[in-house]
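Respectively, the protein sequence lines represent chains A and B.
Residues 1 to 232, numbered by the numbering used here, are exactly what the first sequence covers, in order.
Residues 1 to 441, numbered by the numbering used here, are exactly what the second sequence covers, in order.
Keep in mind the hints are simulated off the structure, nothing from the lab.
Ideal Cβ positions, reconstructed from N, Cα and C, are used throughout, including at glycine.
It is possible that part of the hints are untrue.
The following label-pair restraints were derived from C-beta to C-beta distances [claimed, not checked]:
id, chain 1, residue 1, chain 2, residue 2, range
1, A, Leu221, B, Glu325, 36 to 46 Å
2, A, Glu80, B, Glu325, 22 to 32 Å
3, A, Gly19, B, Leu420, 36 to 46 Å
4, A, Gln115, B, Asp433, 50 to 60 Å
5, A, Asp9, B, Lys20, 51 to 61 Å
Each chain, written out:
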Amino acid sequence: MKMAARVIDVHKDYVLKGGVVVRALRGVSIDFPEGDFVAIMGSSGSGKSTLLNLLGCLDRCTRGQYLLGGQDVSQLDDDELSDIRSRNLGFIFQSYNLIAQLSVVENIELPLYYQGNISREARERCVQMAEMVGLSDRLDHRPFQLSGGQQQRVAIARALVNNPHVILADEPTGNLDSATGEEIMQVLEALNAAGKTIIMVTHEPDIAARAHRTLRMKDGLLDAHTPYGALT
Amino acid sequence: MGSRFWQTLRLGLKSLLLHKLRSGLAILGIFIGVTAVIWLVAMGEGVSYQAQQQIKELGANNIIIRSTKPPSDVTRGGGFIIAYGLLRDDYDRIVANVPTLVQAVPMREIRKEARYLDKVTDVRLVGCTAKYLEMNNLRISRGRFLSDKDLENADNVAVIAGTTAQELFPYEDPIGQSVQVEKDFYVIVGQTEPKNPSGGIGGSMAAQDFNLDIYIPLSTLRGRIGDQVVTSRAGSREGERVELSQITATVHDLSQVDETAEVIKKLLARSHPNVDYTIVVPKELLQQAEVLQMMFNLLLVLIAGIALLVGGIGIMNIMLATVTERTREIGIRRALGAKQRDIVSQFLSETVVLSATGGLLGVFFGFLCHPAIVGTRAVMRQLFPEVISSLPPNIQQLEPRIAPWSIVAAFLISVGVGVLFGLYPAQRAARMDPIEALRHE
Ligand SMILES: Nc1ncnc2c1ncn2[C@@H]1O[C@H](COP(=O)(O)OP(=O)(O)OP(=O)(O)O)[C@@H](O)[C@H]1O
Ligand SMILES: [Mg+2]
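Take these sequences, add in the hints, and give me the full structure.
Written out as structure tokens, the structure is:
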């Protein structure tokens with residue numbers, strides 16, 4: 001089976017002022033096959049976001065190895081990691097994280113812009129993405145003119161525009177009411193059905209239940225009893 | 001790459017327009033700095049141009065020797081008559097002993113009253129030779145100037161200057177009329193064109209106003225008036241005896257000026273134990289003026305530089321605030337693939353837009369320097385005429401001259417200031433940890 005991402009014995013230490021070391025990840029190993037849909041759960045401070053940031057190439061592990069689409073990215077420098085983010089990864093955040101002064105299309109366009117791809121085709125692709133999440137009539141709106149659910153749809157369109165290997169979502173429904181959260185989950189499920197690999201952090205068991213499998217984290221480790229659900 | 005550049009610039013412009021007041025204030029700082037550079041340099045250039053014109057009018061090839069009253073009472077002669085200054089013998093000695101001279105023009109000037117019928121006016125009575133006209137760049141408007149023959153015969157002829165003519169002959173042609181000075185009458189043979197007075201140069205050379213002159217042959221002046229001038233003041237009589245007020249020596253080539261001045265200095269020192277004369281070398285003045293101008297320009301640039309520095313600090317301040325405010329945005333951009341240099345160029349483009357806008361506005365207002373100064377002066381003259389007339393003439397007549405280099409320099413410096421002061425905030429933005437930036441509220 002082709003792996004979208006592999007994490008091998010990854011450690012992450014934060015050294016605080018005064019030399020105190022916080023061991024946020026203490027040796028995590030896990031494989032994400034292509035087409036996987038994983039929910040990561042665990043108590044607050046257990047290291048979920050830390051793991052997701054490593055997977056998202058926003059940070060580097062202190063020790064261990066991370067393979068993204070077969071490429072070892074654990075030793076890349078800042079510029080190379082930026083490149084990987086703009087080409088191979090899609091982010092969905094709890095608080096949407098749209099840029100306020102940009103319109104819907106311009107927000108969707110950002111990953112392409114940072115790839116250096118500013119063409120008419122790029123713009124067209126952004127419009128297609130907006131259509132896909134049902135916002136084709138809001139292209140020139142600004143984020144504050146949209147509801148929370150609509151903003152999260154823009155964020156999803158933005159996460160998809162560069163056709164990434166993996167989509168990373170940190171509590172994507174955390175700020176939404178259950179009906180809107182449900183809509184967002186339907187969009188994610190549709191994406192997964194179309195073959196996208198999705199890794200999602202959540203606190204809500206019924207959201208986690210929508211994934212193929214659930215990983216549990218505790219004190220910087222994956223819970224040994226985590227059931228590895230079979231891929232459908 | 002080109003479209004990326006425009007994209008970045010457009011983005012910068014857009015976020016600047018979000019904070020119009022703030023951006024406007026940042027621009028204002030740079031704008032004032034650039035305008036200050038251009039205006040100050042223009043005024044400096046104007047002053048120096050004026051000074052150089054005045055010095056050139058004295059003639060760069062000339063060496064001017066003037067009689068000056070010595071400070072103490074160590075003078076020739078006795079009694080209440082003070083004798084000092086250049087002698088006719090000095091003139092002869094200079095002509096005989098200085099081979100590099102093309103010519104030497106002697107002159108004697110006295111303040112007198114001139115009369116015609118019932119009209120009286122104060123004049124400068126100048127005894128001179130035929131060469132005096134050309135040497136001072138004077139022009140004849142009517143009749144002729146004094147001739148060598150007038151001098152030989154010591155004729156009672158006179159040439160009068162514009163203002164004198166207006167005072168004495170407001171409605172008549174002065175040519176052929178007789179003007180009276182003391183007890184003597186002089187037949188007017190010519191009139192000179194009006195001329196702008198030359199400003200005083202340093203302390204050694206008082207301002208010369210040629211418009212109140214009456215020129216008569218030097219020999220006539222000697223015969224009719226003599227060397228001695230006696231004035232009664234407050235009951236006591238005092239007088240002075242001066243043979244020549246000034247000798248203007250001219251050399252053929254500029255390179256001979258210094259050496260010739262040296263020779264004349266030595267020559268005069270032999271017969272004048274007390275220094276009762278001054279040697280003015282316009283060429284030296286010109287060089288001094290140039291050095292002075294350079295120092296002045298340097299000072300102006302320093303002042304303007306401080307203005308620009310303050311403008312730059314203003315920009316930096318605003319950009320630091322912007323960066324802090326937009327931490328979240330920076331985090332988002334980084335997460336979506338922006339490299340550090342993308343963030344740097346994003347914020348730098350904003351500062352450059354700010355500073356270049358300020359620079360362009362400054363250049364535009366820089367060009368308004370001349371009308372602004374002339375206009376202000378006109379208004380001031382209307383409102384406070386006594387203030388204006390109390391200013392030194394070179395300020396009253398100052399015509400700012402915009403130096404092209406100052407425009408280019410001011411603009412480039414303003415953009416440079418933008419880059420320099422934008423770099424730190426931009427780097428600070430770029431070096432933020434993306435995760436922390438994303439977490440920022
Ligand atoms: N930048 C940092 N510096 C120091 N310690 C950190 C840093 N980021 C995270 N930590 C620590 O690492 C541990 C894991 O944090 P993490 O954010 O991954 O938790 P989480 O599982 O996402 O929690 P939550 O459910 O509350 O979001 C915590 O103890 C946290 O205090
Ligand atoms: Mg978290």
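Hints and how they fare:
1. A:Leu221 with B:Glu325: 36 to 46 Å: 39 Å, holds
2. A:Glu80 with B:Glu325: 22 to 32 Å: 29 Å, holds
3. A:Gly19 with B:Leu420: 36 to 46 Å: Holds, since Gly19 of chain A and Leu420 of chain B (Cβ atoms, about 37 Å apart) stay within the stated range.
4. A:Gln115 with B:Asp433: 50 to 60 Å: With Cβ atoms ~22 Å apart, the hint is violated.
5. A:Asp9 with B:Lys20: 51 to 61 Å: 54 Å, holds
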